[in-house]
Structures are given as structure tokens and as C-alpha cells.
Amino acid sequence: MAVISLAQAINQALREEMRRDDRVIVMGEDVGRRGGVFLCTEGLYEEFGPDRVIDTPLAESAIVGVALGMAIYGLRPVAEIQFADFIYGGFDQIVSNIAKIRYRSGGQFSAPLVIRAPYGGGVKGGLHHSQSPEAYFIHTAGLKVVIPSTPYDAKGLLISAIRDEDPVIFFEPKRIYRSVKGEVPEGDYTVPIGVSRLVREGSDVSLITYGAMVYECEAAAEKAEKEGISVEVLDLRSLLPFDGEAIIKTVRKTGRPIIVHEAPKICGFGAEIAAFIAEREILSLQSPIIRVAGYDTPFPLVHEHLYLPNERRILDAIKRAVSF
Amino acid sequence: MAIIEVVGGLPPSKYAELGLGRDKLLRMLRKMVEIRLFEERVERLFFEGKITGPSHLYLGEEAIAVGVAEALAESDVVVSTYRGHGHAIARNVPMVAVLAEIMGKATGTCKGLGGSMHAAISVEHGIPVATAIVGSGIPIAVGMGLAVKQLGEKRVIVAFFGDGAVNTGAFHEGLNLAAIWRIPTLFVCENNQYAEFTPITKTFAGESIAARAACYGIPSYRVDGNDVIAVYSTTMKIVEKLRRGDGPAFMECITYRKKGHGVYDTAWYRPREEVEEWMRRDPIERFGNNLKELGIVDDGLLKSIEAEVEAELDKVVEEAMNAPILPFEQLKQFIYST
Ligand SMILES: Cc1ncc(C[n+]2csc(CCOP(=O)(O)OP(=O)(O)O)c2C)c(N)n1
Ligand SMILES: [Mg+2]
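In order, the protein sequences belong to chains A and B.
Just so you know, the first sequence maps onto residues 1 to 324 in the numbering used here.
Just so you know, the second sequence maps onto residues 1001 to 1338 in the numbering used here.
Mixed in with the good hints, there may be bad ones.
Coverage of chain B stretches by chain A, computed from C-beta distances (three or more under 8 Å per stretch; other residues unrestricted) [claimed, not checked]: (1) 1045-1054; (2) 1114-1125; (3) 1187-1197; (4) 1283-1290; (5) 1324-1334.
It should be emphasised that the hints constitute simulated quantities derived from the structure, not laboratory data.
Ideal Cβ placement from N, Cα and C applies to all residues, glycine included.
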């Protein structure tokens, strides 16, 4: 099996789906000849031509609005927002129209489209090129929100997203686009939306996470292991819908859940998971639910490595949990 | 109905008629050289690994920032972009503060919290905004124009943005408001003919950017953006009108990036003949030649100006490299007033 990067896995998913289904159209800024700023659409323009790989003007609201029109009409657009930080220009269309078209038409129309956007910090991008805006979208019924962390999942989830009958916001952890490589089968397979992945088994503490933070959690878990603490790591992969069963299972097992994400702590997705655990499994808890998250500040350029949860901060949280 | 004027190529013999004396002309040249050499340093520091993250250089566009800034008063206000190092230097923000910001240092213009894309921000130099969200500065500049009008001030607001920004909703919403409210804002489009890797020919409909602005009834000028005097004289004319309360104005400055979109970009996607043609129109070389024609500079003086700026930059780099970073505990300091 070929070992490829996360960015290449996304490219492969797009290419294979475009070959399989003529309705799949890729669109966004610089996605054509350039192949996207992060090269996720490299080579697609050459293979599928300008009608199916559309270089759009700089106009996020129109990009997602146009994608909706195409989707209603029966096409399967995959719109790229160059950085998640620019998605706000299209926020109104996403929240007011894309998310609600099925509901408000009483099921007559739907929006089978994907919005892909690189997100997260770690690339010294400063405050307009580093944000993690997933919570805004998870808050919106009608959308699905997915974040892969491995090349295998990136391909399988993106194929699922393209085939899904509803709109999927597909955030890609850009920091690990190239640094993370893994085995990815050629050809058709899917990873279902809504199902998590158990990265690592353990019995004392559960790290519940997603995106690039999966790797920080794994590193922290290994360190903890050396100190005799057994840590389980759960990669959610889908945030809306999320895999509640798997969360309950791991909380029952360890009784010490820690949620880790890059986004600011306040009203971050960790708050939802914490509430979910508190509502459903409070009697299993051996320690308070802990969140390790970005700080409640705009994303700073300086101290980026301290702003983002890292191995040390996660390890501290693990120790706090077991010594409670 | 608005008028579209095409401005460019004033012969050097006419500079005097604009009231441009030797000192002013030399100052403009010096400013352009400062921007050029500063950006070349930034590029070098990036490749040496001393700067991380993207920097979007102003190389090749120096005549626009300098031509505009030299026509403004200190009290005027500028809205900048992520390609803002040139705007900052043209407005006399110390180069060391700009470089320190690019390096994320506490002595930087934004205390290292913003980085290259926000480095132009400086309250003292009338630059409250430098945004990396393309187009988003335009309505902000409209709001400032409205405030100036309501407060009865004589200030002028200048909004810089690129040719890519003219396809955003913010551009259209902003220009319409500026026109109906007749505010003293000058829109300066730096048309370098590319938005990142995509040429304007693939993304822009209509005759020209200036013509698009004119649709809102805004007087629009198409200017040779590689001719500092063309930019300067047009800005002077506009600013005078705006101070009289004569509604917004628009200036499309045609130019070309000397290099890629950001330091990391080799600009492979631009046709070689196109690049070569534009390199022949280098704004600094052209202006230098014009000043030679007037006998204001010669090769010796040009060399010594460059040497002076390089020497200054040696110090700037050293100072910025040695500057401290903001203590981690202070990250939360600038979110709220209390
Ligand atoms: C709202 C938004 N969309 C996309 C981007 C990504 N991006 C950064 S610069 C750029 C091109 C802008 O081109 P232009 O306005 O011509 O300015 P230039 O870089 O040429 O000076 C793009 C697409 C962004 N920063 N903001
Ligand atoms: Mg441009």
C-alpha cells in the first residue's frame, strides 16, 4: 500500500470521486493550475479541465452560495475555502441557507456539498491564518462537521462527505498536511461520518481529541505510560454528529476524561463533550472533566507553541486527573 | 457619471510645475529605496530561517505607497493590508518596528502579536488597520470617512487593497456607501494583476477596475503605478478635492509584483515575457533615470543612497534580532480595556 501524506490523500479522494461521478465539481481560489495553496487539488485541473475545476475570484460568500445553487440543481460541488479563517465571509450563506435548505423546504431540497478548509495553528500564520472555527458550525443544525487526522481517514471521510446527501464542513489540520504520512489504499473505500477511532487503549485516563492534537495526545500518552499511567486516546474524527457511544465507553472504562483541542476553551467543542459526559455518565467519573484547549485570546503570533495544547500541558492534565 | 482619466508618464521637465523641488524628489527616491532594500532583507532573513511565517513583499510596487504617502498630511489615515511593509515605511513607521513585528518581537508595531501581515499598524503614523482578510479594510475605511465627515474634520482616509479585493462583497458594499454618503475616502487599488497565483484576466469581468468603481458614480483614475510622480500628482489632486468635501475618489494603480505572492512563492505561473516586460518598468530605476535627466542624482549619489540605507538596515536587523518577546503572561493583556 502506498504511504502518502494527508494532503495527498485528500487529492486522491477528490480525483477518484471526480473520475467516478461527473457531478463532482471542485471550486475555490487558486484550485486550478496552481492546485490550491496547499496543493490539495494538484493535477485535477489538468485531468478534468476548467469546467470541473473552477478557479473562482476572491469571493467567499459567492463561492459557498454558488456551491449551494449547484448542489440544489443536482451537482456535487466541493468548495475550497483557502484558510478556515476566510470562511466568515461565507458564514451567512452557510448558516442561513446551506444548513437550512432541507428543513425549510420540508425535505424537498437538499444541499449535498462539501466545504473544505484548512484550519488550525502551528504554521506561524498569525491571527488571520491559524484559527479553529469548528464550534460555530457545530452549533448549527443541518451541517455536518468532520476533521480527519490521518491520511487514511482523510481520504475515507472525504469520500463519505462527497457522497453524503447533506452539507459537510470538512476541516483539514493544515499543520500536519505534509508531516503526517500513512498507508492509504488506492481505490474506493469510505470512513463513515459519525464514528470515532480508538487510537490507543488505556485504563486510567481518556484523551478525547481530534485533528492535529491527536499526535500531541499520543506523545503525552506515551510519556504517561513511562510513569505508569495508562492512557486511552480517542480521535473523534466527526464532531457533528459525534460518536457519543464511544465517548461513554471510554469514560466508563477510565472515569477520567480529558478533552483536548486547539480552539479557545470557552464554548469550544470540549464544553459540549464535557456536558454530554456530565449528563450521561456522571457516576462513572473518578476526576473532574478536564479541558486542555487554546487560550481565550485571539490567536497570537508570538508564543504560538505555548498557545496550542502540547505534550507538556496534556501530561500535566493527565497527572491532575489521576491525582485527584 | 464619473470620469475615468488615464494618468502616466509626466516628463521630468514638468516636475517643477508640480512644485516638486530637489529635496522632495530625493526624499521620494530614498523612501522607495528603503522599501526595496527592506523587503530584500526580509526575503533574505526568511531564507536564512531567521523569519518564519509568510511575508508578502512590496517589491515592485514601491511607487504607489510612496506616491500616495508623500501627498498626504501626517493627520491623514491609511488602511493597509497584509502586503503592508511598504505602506508603513512610506508613512515613516520606523523600519526597526516593522521588522521586529515581522519577527514577533515585543518591540514590534503590534508587540509581536500580529506578525508580518499586520506590521503596518501604528497609531502614531495614522495606520489603524492592516488586515489579512482581503477586502475587509474597505468598509472600515468608509466608516472612518463617515466619522471624519460627521466630526467636521479635514482629514482624508486612504484605503489600500489589491485587484483581488475588488471581487469581494465588501468592495461593492463599501463603494456604494462611500458614494451615497460622499465621504472623504480615497480608494487605492494596487492592481498588480494577480491575486496570489491567478491572473486577473481569469477572475475579473468588465472594462477595468477603475471603470467598475466609476459605476458607483465615484470619480476614478487609472494611473501608471510604477511612476511615482503619476501616483503622487493624482493623489495630490484628489486629496485637495476630498478636503473640500468633494465625495470619495478611486485610483487604480497598475503595477506588477517583482516576486511571488509571498516570500515562499517562486511565481512560476507568470509568463516569462510578461515578467521581463515589467522588470523593464522598474519604478525605482525609472525614477532614478528621470532624476538623472534633471541632474538631481548621478550614479555616485544613487550608490551612496543605497549604501546608507543598507548600513541603516544592518543596524535595524541587529536591533530587531536582539529584541525581547512579549512575556507569555501578557498574552491576555490586549483583549479588553479592563
Ligand atoms: C477573504 C480572504 N480570502 C482569501 C484570502 C487568501 N488570499 C490572501 S492574498 C490573496 C490574493 C489577494 O490578491 P490582491 O487583492 O490582488 O492583493 P495582492 O496580494 O496581489 O497584493 C488571497 C486569495 C484572504 N487572505 N482573505
Ligand atoms: Mg493583486
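Hints versus structure:
Given a C-beta distance limit of less than 8 Å, the hint that chain A covers the stretch 1045-1054 of chain B holds, as 3 residues qualify and 3 suffice. Restraint check on the stretch 1114-1125 of chain B versus chain A: 5 residues with Cβ-Cβ distances below 8 Å, three needed, restraint holds. Chain A is given as covering the stretch 1187-1197 of chain B, and this holds because 3 residues of the stretch bring a CB closer than 8 Å to a CB of that chain, at least three being needed. Taking a C-beta to C-beta cut-off of 8 Å, the stretch 1283-1290 of chain B contributes 0 residues in contact with chain A, too few for the three needed, and the coverage statement is violated.
With 5 residues carrying a beta carbon less than 8 Å from a beta carbon of chain A, the stretch 1324-1334 of chain B meets the three-residue requirement, and the given coverage holds.
In summary, the structure is inconsistent with hint 4 from the numbered list given earlier, while agreeing with all the others.
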